[in-house]
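Residue numbers (numbering that gives the first Met the number 0), protein chains in the order written: chain P, 0 to 647; chain B, 0 to 312.
These aren't lab readings, by the way, just hints derived from the structure by calculation. The C-beta atom is built at its ideal place from N, Cα and C for all residues, glycine as well. One or more hints might be untrue.
[As the list claims (entries may be wrong)] Below are the EDC-like pairs computed for lysine to aspartate or glutamate, each with C-alpha atoms no more than 20 Å apart in a straight line:
id, chain 1, residue 1, chain 2, residue 2
1, P, LYS418, B, GLU64
2, B, LYS298, P, ASP1
3, P, LYS418, B, GLU78
[Unchecked claim] Here are the in silico distance ranges between beta carbons for each label pair:
id, chain 1, residue 1, chain 2, residue 2, range
4, P, GLY27, B, LEU12, 54 to 60 Å
5, P, ARG489, B, ASP88, 38 to 44 Å
6, P, ALA300, B, GLU148, 43 to 49 Å
7, B, ILE297, P, ALA49, 58 to 64 Å
8, P, GLY22, B, GLU148, 38 to 44 Å
9, P, ALA19, B, PRO3, 53 to 59 Å
10, B, GLU148, P, ALA7, 29 to 35 Å
[Claimed, not checked] Residues from chain B that face chain P, not an exhaustive set, calculated with beta carbons under 8 Å:
id, residue
11, HIS92
12, GLY152
13, ALA155
14, ILE177
15, VAL198
16, SER208
17, GLU210
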Amino acid sequence: MDLRFLDAVPDSLEREAVDAVLGPAESGWDGGERRAGDLRYARGGHAARARRDLLLPALHAVNDRTGWISPAALDYICRRLTVPPAEAYGVATFYAMFSLQARPARVVHVCTDIACAAKGADRIRAELAERLGPPGDASGEQAGAIWHESPCLGLCERAPAALALEAGSPPRFAVAAPARAEDIAALMTPPPVDTTPSNGHRPATTFAPSPLSGGTVEPAPSAAVPQAGVPGLVLLRRIGVVDPESLDDYRAHGGYAALRQALRLGPAGVIREVVESGLVGRGGAAFPTGRKWEATARQPASPHYLVCNADESEPGTFKDRVLMEGDPFSVIEAMTIAAYATGAEKGYLYIRGEYPRALSRLENAIARARGRNLLGRDILGSGFDFDVEIRRGAGAYICGEETAVFNSIEGRRGEPRSKPPFPVERGLFGRPTTINNVETLVNVLPIMLMGGPAYARIGTGGSTGPKLFCVSGTVSRPGVYELPFGATLRDLLELSGGVAEGREIRAVLLGGAAGAFVRGDELDIPLTFEGARAAGATLGSGVVLVLDDTVDLASILVRIAAFFRDESCGQCAPCRVGTVRQEEALRRLAGGSASRRTELRVLRDVGAAMRDASICGLGQTAWNAVESAIDRLGVFAAPTTDTTEEAR
Amino acid sequence: MNTPVPLAPPRRLVDVTVDGQEVRVPEGATIMQACAQTGVSCPTLCYGDTLTPKNACRICVVEVEGARTLAPACSRPVEPGMAVRTDSDRVRHARRTVLELLGSSVDLSTTPQAQEWMEHYDARPERFGPRAAPAPMGERDARRAGEHEPPTGAVAETVEQPAKIDNDLYVRDYGKCILCYKCVDACGEQWQNTFAIGVAGRGFDARVSTEHDVALPDSACVYCGNCIEVCPTGALSFKSEFDMRAEGTWDESRQRQTTTVCTYCGVGCNVTLHVQDNEIVKVTSPHDNPVTHGNLCIKGRFGFQHVQQRRHD
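Same shape as in the complex, but just chain P (with noise of 0.2 Å):
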């Protein structure tokens, strides 16, 4: 491999920013000064390549330096790790929170996704328009900002909701939700320079702690949570209960007691238990934990992998973001515990890039915990040794998919893999991984201190354990509920307070964009795996979506094919140009000029083929809420009355 670079010199922020991340350049031969004894030996091949999964953070750190990925920096870059440009770029132009155009340093993301455009986020999005020029317009009067449409920011228990990242050292973050277009214009005011300094006895984290000013100031996690602190909770017991940032709060309230009771059970007792406790993934798939555990411990190839996916994108889901923010240690010990189970020693942890509050937590769980001897060697005198990265996502739904997650840490475009092999067998860096979603590794605490049949007594036969759901829409109460399964989504409504008086529901999405749209009089559907898919539903990751009559279904249902149009990865065809193709049809459906019965057909022979052919969930998936709409909903149905419009 002879790389040839630009020769371009990047300035000393770039340069700093990188060698933060990697560490100063060895020689020349790594992107450092080139000196005469270079020149004596290679420096190549496999141990030159080994640290390509450090691209996304070097990629990041520049991103967060300066604001955007300069060809310099991105050369720099490239020598350190010895990446291929040409692939590089690839990776860089996947994300959509990198830049590789100068933009400004503070970049407005205003969600106009699903939940927010139920709470009006077209009308702000048209204002802001008006405001401050078109999206992307870095010339406006605001020039020391930027403002950009962004999918779902995770936030919709606040829709509609805008997150603002300004570049520094350290980079800040502030988020408007709900936000009114004078908030979100507020948020793209820079104000003069704030140089708080940091807490002194802060770990140190990616983003400065105290916000941007401009911003509303974000409420505790536990807000997200109308249930906080209700006896009887299982998973949200400790969201605002405990002080997030602090270790010794959280072992006072029984943290890392599931850990020592794990270590007293062995590996195989932990996945015994979990295999008793019938838990299955929350991520969308519902895949039974403790079958994956047993597979990967099983490998005999080695190391073993660990990876939390915490990508949580789905439009509509943010019970993650509320566990990781509310709970951080929870996850932390939880992922101790899997690593434990399946052999592994090293975990990853990758989290989506719109999550600056949960990132902080984290970072500062995992350093208190490290601190402790929580992590690291010899865990707690076990003799088990064990450590947590995190890595961060850029803007790429796709990279929730399990195997997409893995290219993306291992510094490759985040594409899903073809399966099988699946992960327990060859997965991230090509070794035995179990991947699991942040809220399916938290219910592995519970089951390690009630022990697996006791766990599997809550809940119905078919699916066992408590759930978290993200309800929002246009319901009085949007937030994360916890409710054993068996409850039926009326239950579930009537506890988040249900749509405004004098309104009706017409419509529940279930599952988020991949799931599926049920009608306001089918509300005694059970919440569960089995009673969603004996309706035809799926629970997914657990998205309530209510709209009530005001919404206008058409608009969304563009704004969901929109969504999976950007979103593809662009890998397979049927998904990458049934996603246009799906995309094309609904605007012609919505805009009422085109044949009714041609367009049907034309998105039912493109969803079908998406279905079958596509590669991954994401193609699999981006019809089913659609066709949900127009077969249970009647969105686009022939009005009764006019029959001609049949014929046509």
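Given chain P, work out where chain B should sit, using these hints.
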């Protein structure tokens, strides 16, 4: 003289059924190999006989009994007792739709067999509406991941754009690119190890690109042309072929192919000269050649001008 006999460890045979016909294939063989043994052919675009299957085009999908989704025949290994259907309604529907999707977004005019498959599967790419006008040069390369201009639905978006002509040897006409990844794999770790090109961008805006879309002479390209060798659609072509097609003089029926040995060095690569009207118009290499596996260097691929230096007096 002793002839070396390549020895591979013996492989167990497994029984599979293809369209009701039983066939025994070695363990680890792909469904496509099993199909070939029964005489069933699968259409393929992104499959390359010298490359690891990427299974990106999804045109070779088949139905495996009991599976939730269709499987790519080019890469899915057979399993004992597997029952495969290559002509079920689901398979025909998926292949037809994929052909329609590709046909409506990419210029398939130079893709061998595309027209034949379109007719066989009754694919009608025009059903998605009139084709959008080609993008101006560089516009697609500047697109950002995660956002797009909202379509009106009046036209069907395509990947068409002007061909990139930035050197004298070959042309990149990405309006014909189906994004099969073969050129990237051949340029990168599977053959050439040059890594001059990669896939950039995301979704429908994903494209094959050099870093920052620099012109080839400024990139790492070594002009081995191994990307042209594997390109299934004619998106990458010799400048000579591109110019002749533009003039309307390209005529494969008048071409003769002669396989000979490259004279530049001692490696002994086979080169196949494509000759029209006594002029070499392109050079390929046999894929089954044990020396080249279809690969050449810049000299074998493009260094043929001296052969046809004639006195014009």
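Hint check results:
1. P:LYS418 x B:GLU64: 17 Å, holds
2. B:LYS298 x P:ASP1: Holds - the C-alpha atoms of ASP1 (chain P) and LYS298 (chain B) are around 19 Å apart, at most 20 Å.
3. P:LYS418 x B:GLU78: OK: LYS418 (chain P) and GLU78 (chain B) at ~14 Å, within 20 Å.
4. P:GLY27 x B:LEU12: 54 to 60 Å: Given range 54 to 60 Å: holds, Cβ gap about 55 Å.
5. P:ARG489 x B:ASP88: 38 to 44 Å: 39 Å, holds
6. P:ALA300 x B:GLU148: 43 to 49 Å: 47 Å, holds
7. B:ILE297 x P:ALA49: 58 to 64 Å: 31 Å, violated
8. P:GLY22 x B:GLU148: 38 to 44 Å: 42 Å Cβ-Cβ, so the 38 to 44 Å window holds.
9. P:ALA19 x B:PRO3: 53 to 59 Å: Between ALA19 (chain P) and PRO3 (chain B), where Cβ atoms are some 55 Å apart, the hint holds.
10. B:GLU148 x P:ALA7: 29 to 35 Å: 31 Å, holds
11. HIS92: 6 Å, holds
12. GLY152: 4 Å, holds
13. ALA155: 6 Å, holds
14. ILE177: 7 Å, holds
15. VAL198: 5 Å, holds
16. SER208: Check passed: Cβ of SER208 (chain B) comes within 7 Å of chain P, closer than 8 Å.
17. GLU210: Holds. Min distance 4 Å.
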